[in-house]
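Make the full structure from the sequences, and use the hints.
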Amino acid sequence: MNADNRKGELAELKAQLRQLAGSRAPGVEELKRELYKKVINYLTVGIDVSSLFSEMVMCSATSDLVLKKMCYLYVGNYARGHPDLALLTINFLQKDCQDDDPMIRGLALRSLCSLRVKNLVEYLVGPLQRGLKDNNGYVRSVAALGVLKLYHIAPSSCTENEFPVTLKALLLHDSDPQVVANCLYSLLEIWSMEGNSSEAALREKESLLSRNVILSLLNRFKDFSEWAQCLVLELVSKYVPEDAQETHDMMDLLDDRLQHANSAVVLATIKVFLHLTMSMAEVHQKVYERIKAPLLTLVSSGIAELSYAVLSHLHLLVLRAPVLFASDYKHFYCRYSDPSYVKKLKLEMLTAVANESNTYDIVTELSEYAANVDVTIARESIRAVGKIALQQYDVNAIVDRLLQFLEMEKDYVTAETLVLVKDLLRKYPQWSHDCIAVVGGVSSKSITEPKAKSALIWMLGEYAYDMNDAPYVLEGFVQNWAEEDFPEVRLELLTAVAKCFFKRPPETLKILGSALSYGLADANQDVHDRALLYYRLLQHSVEIAERVISPPKQAVSVFAGDQSIEIKDRIFDEFNSLSVVYRQPSYMFLDKDQRSPFTFSEDTGSSVLGPQSPEREDLASDYDTRDNELLLGAHEKEESRAVSNGSHGFSAPKSQTSQHDPFAPRSASPTQTAQPARATAASPQATVSSSAASPLLAVDDLLGLGPSIPAEPAPPVPQLKLNAKPVLDPASFKRKWGQLTVALTVEYTFPAEALHGLTGPQPLVRHMQANSVQCMASGNAPLKFFFFAQLSDAAPNSGFFLVELVVTTSSGLASAKIKADEASMAPAFADSLRSALSKFGP
Amino acid sequence: MLHCMFLLSDVGEIMLEKQWMGQQVDRSICSWFWTQAHPPGQDDSDPAKVPAVIASPTYYLINIVREGVTFLACTQSEMQPLLGIEFLCRVADVLADYFGGFNEDLIKDNYVLVYELLDEMMDSGFPLTTEPSILKEMITPPNLVSRVLSVVTGGSSSMSSTLPTAASSNVPWRATGIKHTNNDVYFDLVEEMDAIVNKDGFLVKCQVYGEVQGNSRLSGMPELTLNFVNPSIISDVRFHPCVRYEDWESRQLLKFVPPDGHFKLMSYRVKGLENTPIYVKPQLSCSEGVVRVNILVGIRVDPGRPIESVVVDIPWPPSVTTTELTANLGTVSYNHSTKVCTWTIGRIPKEKSPCLTGSVNLEAGLDRLHEFPTISVGFKIMGVALSGLKVDKMEYANVGYRPYKGFRAVTKATCYEIRT
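From first to last, the protein sequence lines are chains A and B.
With full-length UniProt numbering applied, the first sequence closes on residue 842, and no number is skipped along the way.
With full-length UniProt numbering applied, the second sequence closes on residue 420, and no number is skipped along the way.
I should point out that these hints are in silico values taken from the structure, not numbers from a laboratory.
Don't be surprised by glycine CBs; every beta carbon is placed ideally from N, CA and C.
Be aware that one or more of the hints could be misleading.
[What the hints assert, rightly or not] Which bits of chain A does chain B cover? Going by a derived footprint, with three or more residues having C-beta under 8 angstroms, they are:
no. : region
1   : 38-44
2   : 144-152
3   : 258-265
4   : 294-302
5   : 470-484
[Stated by the list, open to error] Partial list, derived from the structure: chain A residues whose beta carbon lies under 10 angstroms from chain B:
no. : residue
6   : LYS69
7   : ARG116
8   : ASN182
9   : ALA321
10  : LEU324
11  : ASP328
12  : LYS330
13  : PRO339
14  : PRO506
15  : LEU578
Shown next as structure tokens:
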């Protein structure tokens, strides 16, 4: 339907409605119904029919329930955009709220609340108050949700009229379970939002966790609808029972929920069980046994979307209790028909549950996927085999598989396999003979991917003794130098040729020569620099060159995991939340996207910002740039440190910084390109935390030994005095946060008793204020704060310390990132921050 | 909780929009989602490319896909993921129940009805009623009679003018005062076999996922008790809220007051089956760009009933150009765009084993197959539950009539895969 046509139709509808409005002729209701239906039809498909508003309202004076319902639908949809017109509807809706039929009362009240027009709030309060006292359960339950709608439009009006108090009374005493559930939903939402600015509301929210509320909800638990049960279970999962007996009673009561047809109920119950027994190791273990079967049933329910969400949770559990599913690994075998995102998760599950008893089966299974038509899955499964190989000692079986993979002569399979073999060798050099035998058979021509090529070249250089034709294969690569598009491969080639030269000089000398000359002429700066470095090193002394380029290797014991234990723990806090399905703790998103309401403290900013506030988005994007800066900063530091690293290695002459010296900074930098990339990836925390420390430490750091810093005698700490009442507006905070880099990170673990006091952000905010550290903003779930403090003698707008503090409530671990105007003062501030945190108690 | 829901057609067009919160979610989110799910320039062979939960720059998006229709829900705050997914699944189920099936056209024909249903199923982002029997009290499903009436009288609305009676009763899934002239109740045991045979011909996994589906048309408030002969074979069960769990726990009895109409009484899982009723033995041998194919299908364990609707699907990898396959039984068809070869056998005769033979040609330059197809097999056995689960008897109480009772069993293969 084109626009003109549509306009014509709307005009016609309008005329017809107008005609019918005043008519009382028999049969007019039927005609109206027909027209209304047309209008609703347009509305549902998204055609704007708001121009008919006044006609629709005019026609709504009717006793016909069906017409009323359609009219309510219409009005609810458009009132917000047309507040002036909405006023027209108030009258008839208010009248309907006092109808004799409870159905009409309920529907009218619902529509009235759905208008969501600010200047009509005054008309809402009366009907809502009556609705909450209505003798019909349906009307009360509509009113309970209506309170929430009122809160969304006018929070103050909602609290001034003491609606939350009324809801709480209904929550405890109403006879209708749906009313209770709706009250609970509204209260939770209202107090969470209110809690960001008011402590009283936070206390109110905590009071929902009190024993009598929880028990009253649990006592009538089975009367609730399945969705309300999810809500109650979520609440119960935060409750701390009085004693073991209560825990057991609750678990007995909820046990059959694990068999519920609604998967949301099952998962919410599991969360309750896990949380209730967190401190009871033995029972906790039994809980794992108990929840296993229901979870596996959910996975095999045949609904891909459900399987996916449940598998994400299983993955979380497996990281905690790998043995648990070790015998059920067959559940994670991929079906051909599974969507690839499910397959991917299943592969991860298979990797995670692999242990000595099932490795053979799992690797056999994974090997079958390598021939899968889906290339991504084929690649993933080879990587999975690699991960298992790196976890296990039974590499024998896996070497067989590798052979098979290479026999497949499929480019991407060969490529992935080579990378895998390289990693294997770095961890288990003792397997070199078997692996090299396999790799030796690979035709270097069939490999196109840079990663695989680099891996092959690395092995050729590293195991030049074991591979007879290593120099000749390398020669082939060198001859094709010009066709090699990827600098990373050329870099690797330079190093490999050099290594090969140290092992088999006579055969390699000529190749090395041509490689170096190609390298020196290379357009890529890094390649050129590395070639130059090698050249000069070799010129200086072959022995020293060998010590630099090809030192004895130490086997890597652990590869840097993709997720730290701490993050896994934090995710566990968020069991049964969207963040699990994402595999990222929610605060990572909140930082960037601000999906949840985030408030600025009253003391300083006093502005409550909603989820979509533009200012917040600015801050969020600042974070992005800040993250980038942070990374860049770390890189630059690495580069500059590399100088000291290079010189450290072979005690270069003192004229280190002279322009003519071959080891001058610029040409030295490429030496570390291979290593630091890993060092940064492996321990970003470490590199960042030491950036304020003395440059001497950089070498340790480069090798990934960052955390050993405290052993170094600290520079004398200047006395720290903080301004008791610093002033910093949110905008400046934001700007500073974006400009400064992290000077220090501090970790502190709250003792259990202090943790009890940490039910919301407010207690800690107050405590820190007493210690001259002000709060700029705070968020709940996860607990996160932005603090600031100022040196007492600092000039305005200087001498500030900015802190981002994230608290994991399960473990009590608090980690703070400190940024400072004066970085030299950061360690002193870190100490006072730590001591302030340690004084925090209930 | 959920802010809104969109229904998208299989080309990404918004068919329906329903907002549950005051703050309206802009429709542009749908086009953002669609480009994620169907990146331009890629073929759409895998319809479910995006996981069920993804994050856009502004919202968390939860989606499920049913018969080409995408149910897309948005939320701004953290919530229970399964609550979202399960709710969308329920919406799809309720719609299918109302329309007696589910597809794009049915939605387009019933916009208003869908809209009304969504209005009743959720308010302020919190799910209210998803129980079909209660929804039907509030909103009458379209049936032949009402359709005819609407044509005759011109008046057509699905809205009923009464308040659901069950909404506040203590049996929330059943209305009071239900009356039927013929009282009958049927139970179907529907089992789906999920099995994988690996390259070496070993059965690596074989389990059954079963459901007891009920269809009750009983008056009053009947109390039913269902007994199984061998309940101990069940590994794990999930129940409709109507089932009293205590009786299952203590005596393995299903005691319940059934909802009216169609419902899913329980679902269960039986693991560790040792054999599949039919075997499929593929042999592929490659030489010089030609793959010789020989696939044998036969009965391994006679279930005592005929094995019907046997279909063998062979999705050839992209390197296959042409196929020349013939079968001694049934028909063979080949889809050139998807490269799936479908062999429809039908019922397997006792005297003769079906066999598919022939050859497949590979694209030039390839000597042999590098990617091997995974053959999927579908079949159906009426009258037998593969797991061996049997209903013993059904008793009824609290009624003044003798209802007619019916039981059926059916086994289907949904995921019987044979790797080559």
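Violated hints, by number in ascending order, as checked against the structure: Hints 5, 9, 10 and 14 are the ones this structure does not satisfy, whereas the remaining hints hold.
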